[in-house]
Amino acid sequence: MPIFLDLYVSRLREKRDEFKKIIESALESPLDEKYSKWLRKLWNPLPLKRRQPVEVFAVDSSGATRELYNGAIIHICRALGLSNRGKEERDLDIEMFYYCGNDRELNSYLGMRREFLEFNVAYNYVKNVEPNDERKLILIDGSLYGRLMHIPKDAPVSHNRDFMIKYMELYHNLMCECLRRDVWIIGVSKDSRANFLREYILCRIIDEILSSLDDDLKARVNEFLSLSRRKTPIEVPPDIALAIGDESCKNIKWILNELINPKPDYQLLLAYLENSGYTSPIIVRGRRHGTVFSHKIDLEKYVDVNFEKSIMLNYDVREKALDILRKMTNFPAIISYYIIFEKGDIPLRIDVPAWVLGLDKSISDVEQSEVIESKETIEVIREITSILMLLYSGKRHYNVLLERVDEKVRLRTKVVDEIYEKILEKELGTVVLHSRGYRRVKYP
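Quick note: to get the working numbering, add 11 to the position in the sequence shown (first position is 1).
Everything labelled a hint here was simulated from the structure, so no lab data went into it. Mixed in with the good hints, there may be bad ones.
With a cut-off of at most 16 Å between alpha-carbon atoms, the simulated EDC-like pairs for lysine to aspartate or glutamate come out as follows [what the hints assert, rightly or not]:
hint, residue 1, residue 2
1, Lys274, Asp202
2, Lys338, Glu180
3, Lys274, Asp17
4, Lys164, Glu330
Quick list of simulated restraints, FRET-style, between CB atoms [unchecked claim]:
hint, residue 1, residue 2, range
5, Ile430, Tyr19, 30 to 38 Å
6, Ser380, Leu79, 44 to 52 Å
7, Val316, Asp202, 31 to 39 Å
8, Leu324, Val443, 41 to 49 Å
9, Asn286, Leu310, 42 to 50 Å
10, Asn113, Arg204, 14 to 22 Å
11, Val316, Asp225, 40 to 48 Å
12, Ser404, Lys261, 43 to 51 Å
13, Ile105, Lys354, 27 to 35 Å
14, Gly355, Ile33, 13 to 21 Å
Ideal Cβ placement from N, Cα and C applies to all residues, glycine included.
Work the whole structure out from these sequences, hints included.
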């Protein structure tokens, strides 16, 4: 028996009921019927596959790090873009640095370095697009919205403190060039922890509960909900409970529990939907550092505090950071929706800039998430979905072009250890020695 397998089975059996409750939690609340009703309302059948002239350019990246005997870190990252017309764009970067911070900040930085290379590959592609009758799409493996929500601040590594300024500038330039050349840039996420759909539905359920109340009581309930979202779940005040009735009171308690203990949209979709289709598109409001996008912050003070180290190294960075942050306030709003191509398959999250759907709306304009239902929007969403359907090849192959790019760009351990490191040793005239921790798990 493999080592630890007995303990694994034993612990799993101990916690089986607890785990099953978590898996089935979406099916045990009085909100079930309301969730089901709203999801059916927002659920659309897949369009027919339309074989139309289209060029799709898929982009992905990969990276690897090695910690050396003296504490220095080597980071290699590369990005690749391939089109269904045989076009290819590549980029690679390597950096070496010392780092003494926490792993979370370092991993975030390394992830953004890979995203930066993806943007660069996409930018080089779109700059060379030739005008013709073909629709052109760039597929980014991941969420466009999530990349926009990175907090603008000093990078945690000393050799590249102003990296986030470069990142935001390239993201902005890529979007502008795509708009200028009418190239649709689409984010495709095969795993997502987003919960914008669930929050949208919960807000609609709250609206239904409040619709029959007078303005004074409605205001009191809203104030209670607003305060309660920041705390541990608390009891509905007796006067409000009496006024709204037992059923509404019970539903509000469940809504608070859902808001305070959020679950991903994927759980909702898989729990209540059985057939293939896609959700109506929702324009997503900015979060976390949303004040940066809402004109409610002193940008000069923000830059001085969050880019302090970059400015100390180069004061000119201050004006550049201000310029880029001002441009980012006009960054297009992101509209998101989910697709399930086949019954029982995992949903895909699709992110689309507002201008692709014919909407002149920036992220700073979005105060709350809302469904977009204009005729032009519906037509574009169906066209995007139809194109993605052509690249779908079953539950194991959600997008054959993105999978091909992933396969070619993936930086495998053997390649790093036996090829990249050997070249590094030759070029630098030194021997690469791994940290003790790495050598302990490296077997001949």
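Practice task
Could you tell me whether the CB distance from Gly355 to Ile33 stays inside 13 to 21 Å?
Solution key: Because 20 Å falls inside the window, the suggested range holds.
Handout entry: Arg204 and Asn113 - C-beta distance against the hinted 14 to 22 Å
Key = 21 Å, holds
Exercise for the section: Just tell me: holds or violated, for the beta carbon distance of Asn286 and Leu310 against 42 to 50 Å? Expected result: Holds, since Asn286 and Leu310 (Cβ atoms, about 47 Å apart) stay within the stated range.
Exercise for the section: Evaluate the given range 40 to 48 Å for the C-beta pair formed by Val316 and Asp225. Expected result: Since the Cβ atoms of Val316 and Asp225 sit about 45 Å apart, the hinted range of 40 to 48 Å holds.
Practice task
Given the range 41 to 49 Å, decide if the beta-carbon distance of Leu324 to Val443 lies inside it.
Solution key: 29 Å, violated
Exercise for the section: Assess, step by step, whether the Cα of Lys274 is no farther than 16 Å from the Cα of Asp202, and give holds or violated. Expected result: 13 Å, holds
Problem - Distance restraint evaluation - Ile430, Tyr19, Cβ atoms, bounds 30 to 38 Å - result: Hint holds: Cβ distance 36 Å, inside 30 to 38 Å.
Problem - Supplied distance hint 31 to 39 Å, evaluated on CB atoms of Val316 and Asp202 - result: 34 Å, holds
Practice task
Look at the Cβ atoms of Ile105 and Lys354 and judge whether their distance stays inside 27 to 35 Å.
Solution key: 45 Å, violated
Handout entry: 16 Å limit on alpha-carbon distance, applied to hinted pair Lys274 and Asp17
Key = 31 Å, violated
Practice task
Would you mind confirming whether the straight-line C-alpha gap from Lys164 to Glu330 stays at or under 16 Å?
Solution key: 14 Å, holds
Practice task
With 44 to 52 Å as the target window, see if Ser380 and Leu79 comply at their CB atoms.
Solution key: The hinted range 44 to 52 Å holds for Ser380 and Leu79, with Cβ atoms some 46 Å apart.
When held up to the earlier numbered hints, the structure conflicts with 3, 8, 13 and fits the remainder.
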